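A.B. asks: Numbering-wise, the working numbering puts 6 at position 6 of the sequence shown, and it's gapless, one number per residue.
Because the hints were derived from the structure by calculation, they are not lab data.
Please note that the accuracy of each hint is not assured.
Straight-line C-alpha distance at most 25 Å; calculated DSS-like pairs for lysine-lysine [what the hints assert, rightly or not]:
# : residue 1 : residue 2
1 : Lys-95    : Lys-121
2 : Lys-95    : Lys-127
3 : Lys-80    : Lys-115
4 : Lys-121   : Lys-80
5 : Lys-95    : Lys-115
6 : Lys-115   : Lys-127
7 : Lys-127   : Lys-80
These figures come from a predicted structure and were not determined experimentally.
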Amino acid sequence: MAALLPHGCAQLKISRPAQVRQPRRPNATLSPSPLRGDTIDWVEASSSFFHNDTRPIMLFDGVCNLCNGGVRFVRDNDHKRNIRFEALQSESGKKLLQRSSRSPDDISSVVLVEKDRSYIKSEAVLKIMEYLDLPFPQLAFFLQLVPLFLRDFAYDNVANNRYTIFGRSESCEI
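Sequences and hints are given; from them, build the entire structure.
C.D. replies: So, in C-alpha cells, the structure goes:
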C-alpha cells in the first residue's frame with residue numbers, strides 16, 4: 001500500500017511475512033517412527049564401539065578407489081595404529097553414521113568418529129592428519145588457517161567427482 005507524502009513522494013510500506021521456526025531435533029537421535037514417537041539414542045546404541053577400544057574410527061566409502069587409497073595412506077603413516085577403519089556401507093558404518101547425525105545411506109563424505117564427537121568432510125581429513133606421524137599434524141595445523149567454507153568447497157568438488165576421476169571397485173578392499 002502506498003501513502004502520499006508532502007512534495008508528491010509516495011512511501012511504500014511492506015510488511016514482512018511471518019517466519020516459522022522449525023523445531024530442532026536433538027543431535028545423534030533418530031526417530032524411526034514419528035507415529036509411535038520412539039527415538040533411538042545412537043550414541044548409546046553405538047557405545048560398544050568404544051567400550052574396549054577408544055581409538056577413533058575412520059568411516060570411508062568402501063567401493064571408492066580414492067577412499068581406499070586414502071585408507072592405505074593413513075595406514076602407512078599411522079605407525080602407532082591410532083585409527084580404526086570401517087566402510088560406510090557396512091552395518092557398523094551405518095550405525096556410526098547415525099551416531100554422527102547423518103543418514104545411514106550417506107556415503108558422500110569421510111567421517112571420523114571419536115568417542116564423544118564426529119567430524120565430516122575437510123574437518124575429518126584434518127583431524128585424521130593430527131593422528132598421523134610427522135609432518136602431517138603440523139600440516140593440518142596450517143591447513144586449519146584456510147576458512148572452512150573454502151576447504152569444504154574443495155572437498156565437495158573432489159568427493160562429487162571421485163568415481164569419475166578415480167573409479168570404483170566392486171567390493172571394499174580393506
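A.B. asks: Each hint needs a verdict: does it hold in this structure or not?
C.D. replies: Evaluated hints:
1. For the hint linking Lys-95 to Lys-121, the alpha-carbon distance of about 18 Å falls within 25 Å, and the restraint holds.
2. For the suggested pair Lys-95 and Lys-127, the alpha carbons sit about 21 Å apart, so the restraint of at most 25 Å is met.
3. Taking the CA atoms of Lys-80 and Lys-115, the gap is near 18 Å; set against the 25 Å cutoff, the hint holds.
4. With a C-alpha separation of about 24 Å, the suggested pairing of Lys-121 with Lys-80 holds against the 25 Å cut-off.
5. Pair hint Lys-95 plus Lys-115 holds up; C-alpha atoms about 14 Å apart against a cutoff of 25 Å.
6. At roughly 14 Å between alpha-carbon atoms, Lys-115 and Lys-127 fall within 25 Å of each other, so this suggested pair holds.
7. A distance of roughly 16 Å separates the Cα atoms of Lys-127 and Lys-80; the hinted pair therefore holds under the 25 Å criterion.
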